[in-house]
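Protein chains: 2
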Amino acid sequence: MKACVIAVGSEMLTPFRVDTNSLIVTERLNTIGFDVRLKVVVGDEVDELTRVLESALAWADAIVVIGGLGPTDDDITREAIARVLQVPLEVHEHVLDRIRERFARRGMTMPEINRRQAMAPRGATLLENPAGTAPGLWIERGSTSIVLLPGPARELTPMIETVVRDRLAPLGRGAGLFRRVIKITGRTESDVDTSAQPIYGRWTSAAVPISTTILAAQGQIELHLTARADNRAASEAALDAAVAELRSALGPSVYSVDGRPLEAIVGDLLRERHLTLAVAESCTGGLLASRLTDIPGSSDYVERGVMCYSNRAKTELVGVPEALIAEHGAVSEQVARAMAEGVRARAATGAGIGITGIAGPGGGTPQKPVGTIAVAVALGQDVQARTFQFIGGREMVKFQATQAAMNMLRLMLIEPR
Amino acid sequence: MKACVIAVGSEMLTPFRVDTNSLIVTERLNTIGFDVRLKVVVGDEVDELTRVLESALAWADAIVVIGGLGPTDDDITREAIARVLQVPLEVHEHVLDRIRERFARRGMTMPEINRRQAMAPRGATLLENPAGTAPGLWIERGSTSIVLLPGPARELTPMIETVVRDRLAPLGRGAGLFRRVIKITGRTESDVDTSAQPIYGRWTSAAVPISTTILAAQGQIELHLTARADNRAASEAALDAAVAELRSALGPSVYSVDGRPLEAIVGDLLRERHLTLAVAESCTGGLLASRLTDIPGSSDYVERGVMCYSNRAKTELVGVPEALIAEHGAVSEQVARAMAEGVRARAATGAGIGITGIAGPGGGTPQKPVGTIAVAVALGQDVQARTFQFIGGREMVKFQATQAAMNMLRLMLIEPR
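These protein sequences, in sequence, are chains A and B. If you read the first sequence in our numbering, its first letter stands for residue 394, the second for the next number, and so on. If you read the second sequence in our numbering, its first letter stands for residue 394, the second for the next number, and so on.
Derived from the structure by calculation, the hints contain no laboratory data. Virtual Cβ for every residue (Gly too), placed ideally from N, Cα, C. It cannot be assumed that every hint is accurate.
[Claimed, not checked] Some chain A residues close to chain B (C-beta under 8 Å, calculated; not the full set): (1) Leu406; (2) Thr407; (3) Thr413; (4) Val429; (5) Arg430; (6) Val433; (7) Gly679; (8) Thr686; (9) Ser692; (10) Val699; (11) Met700; (12) Ala706; (13) Leu710; (14) Gly755.
Next up, chain A with everything else stripped away, as it sits in the complex (with noise of 0.2 Å):
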């Protein structure tokens, strides 16, 4: 089955803003087997979205049209579905009903302006909306099913999943689509690729068939792997099996098979180990810290972190001696060690973490060139340090090094030595 999303709103037109509703939209269709070959953005304008609609007719199962149904004049989607389809607009008086008392609930009295929400093409069914004033629409129109949702992500979001499970997916013929993501670090896409293409070749031909795509993101890769099948369960079952079998060839750098991030991981394996950690950094300025951080309850393991950032900070605050700092330099793996260390034995923590590098895009040399970060971990008995050669601006280049200690710690717990 063949989608086509169509996102309106001449703000997406600008450099400013990208449509990001769609894959909101797609992973719901995805769900239910259904494709989503092209996704057209278009500006406030009833002739241009007129003709996308046309077009989209000739092949599509289904067409899901985002936005444009507000009360202002360049709300345009309800004239150019009337326009496509040939019949006229009309009132529904209980919409109309409906969206004065929300206005009345608040003490307001509607604008006349809202009136417009109430309209609908003949024949269209109305989609309720529980977040907003705008009602969704349903068409069917030959073998093709249009959808009209708000563009507002809270009032799109409840509305998609109703639609796609009470008016899509039993449309839905075909076999649905099932994803995994499979997260590693510390290797590049091409070592992974070497290891993995070799068994994830395979898949395209099995019973239930599984597509693999490799994406390199700042510090990561991913493997996206998707199936087809009748069922969630065999699908399921197949993907299950395809995870783990990457999983030991991949060993260790995969991190996250669930779709948690580094950040949470480490923090859940703290958590299960009642260990608390404190951390000192330098070029990655509080990252560390803040990622470690955005996760809910991570007050449970996370004491406190430095940013020192100055030599004098090292020094008052984790105690780095001034003659380590002078003999090796800042960025070295002794003052990381220095650091992670001292910031362990202040906290009263069980594990320390320390950092220090050049993330630029002044103070390199030829010795220690911009993106030299030395991380050092301290946990129980073992104290590890490395240094790491990173590419790119400043802020990768400080995003880096947060991944690459976060998963130092990572391993150290879980293959302790």
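Keeping the supplied structure of chain A fixed, place chain B upon it in accordance with the hints.
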């Protein structure tokens, strides 16, 4: 002049990836008066791309196709263009030589598959790609110019710059679009619009018409001003006057008119005044320090940060008296004040910031619900504290809290008591 931007790649039809390349292209096209009327994402399917191209040829003055120029089977852009134009694909020997050389320089033999990248539809002009193997292509058909560019942003960005300057700009008979962004914090969207609308409402009918869009992002409001004029000088003059008028109406809540983010504005103010800064964070978990140090050269003024999540860390790291926490609670203006003054005293800096609050989702009480944040700033003799009530999820609350803290410091720096 009307433009259509087509992004080619099946990964952008999954729930995981959005097309962001089109933003880069749109920005460049706008400066020479090309309006992007339609954006399309199409998969690696030659039939689908062919259909989209045929439809765009009917109305667009310029069609920019991004991606699908790689060496593999699923890179189908060349084939689709050749099919639409009904011309054969031809090998360009000098391009083939250049690709072979690129491989040779890395000690590798060119795989036979890369031969595809030296092919072009008959009549196409090759566009040099300084950063990769696949050249771009320029084709004219009737009144439409077709541009094919590679997908990696590193290759795309310099190439669109050159194409726009050398090839599309001379065609742009219309006026160019020029933009400014005014960034505002500490006010709501409707409050900003109430002050700004009577001003920008007049501009649409001015000699150089300026249209204005208001965008609310987390922790800030942006006003996007777009002028349409025959030349850069006229539009820049009109935009300068417009920005000055809005700035005077909106007062010091405007923090940036040149694209700089708040962390850079605050940093520049500190540097100009030869002041250094230390921050003590609880609920923001290091995000404030991380944002401040995202700015290159921030080591000039950021001395240190401490992330004191636990009460013990608040006492040990910045000397907040235990009795003060017991009396007022950890989330209180009194504790925020003690954190700001404590971290400043220990770091011997000119300015200090303290943030304590409840980022959620847990930890709220009826008196202090999730989103309650106390911020204090110490600068010279002046110590100011405020309590905010933010809405949104954990990360959004953290971000807004750092935004509010930087804005308090900014206002104290520009308007000392």
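Cross-check of the supplied hints:
The closest approach between the C-beta of A:Leu406 and any C-beta of chain B is roughly 5 Å, which is under the 8 Å cut-off, so the hint is satisfied. At its closest, the beta carbon of A:Thr407 sits 7 Å from a beta carbon of chain B; the interface hint therefore holds under the 8 Å criterion. Of the supplied interface hints, the one on A:Thr413 holds, with its beta-carbon coming within about 6 Å of a beta-carbon of chain B, less than 8 Å. For A:Val429, the interface hint holds, since its Cβ comes within 8 Å of a Cβ in chain B; the closest pair sits about 5 Å apart.
Among the interface hints, the one on A:Arg430 holds; its C-beta lies about 6 Å from the nearest C-beta in chain B, closer than the 8 Å criterion. Annotation: interface hint on A:Val433 holds; nearest CB of chain B at approximately 5 Å, less than 8 Å. Annotation: A:Gly679 was flagged as interfacial toward chain B, and the flag holds, the nearest CB pair being 3 Å apart, inside 8 Å. For A:Thr686, the interface hint holds, the least distance from its beta-carbon to any beta-carbon of chain B being 3 Å, beneath 8 Å.
Here the hint on A:Ser692 is kept, as its CB sits about 5 Å from the closest CB of chain B, short of 8 Å. Restraint check, A:Val699 versus chain B: the minimum CB separation of about 5 Å is within 8 Å; hint holds. Proximity of A:Met700 to chain B holds as hinted, the smallest CB-CB distance being about 3 Å (cut-off 8 Å). A hinted interface residue such as A:Ala706 counts as satisfied when its beta carbon comes closer than 8 Å to some beta carbon of chain B; here the least separation is about 4 Å, so the hint holds.
Given hint, A:Leu710 at the interface with chain B, holds; its Cβ is 7 Å from that chain's nearest Cβ, closer than 8 Å. Checking A:Gly755 against chain B by beta carbon gives a least distance of about 6 Å; that is within 8 Å, so the hint holds.
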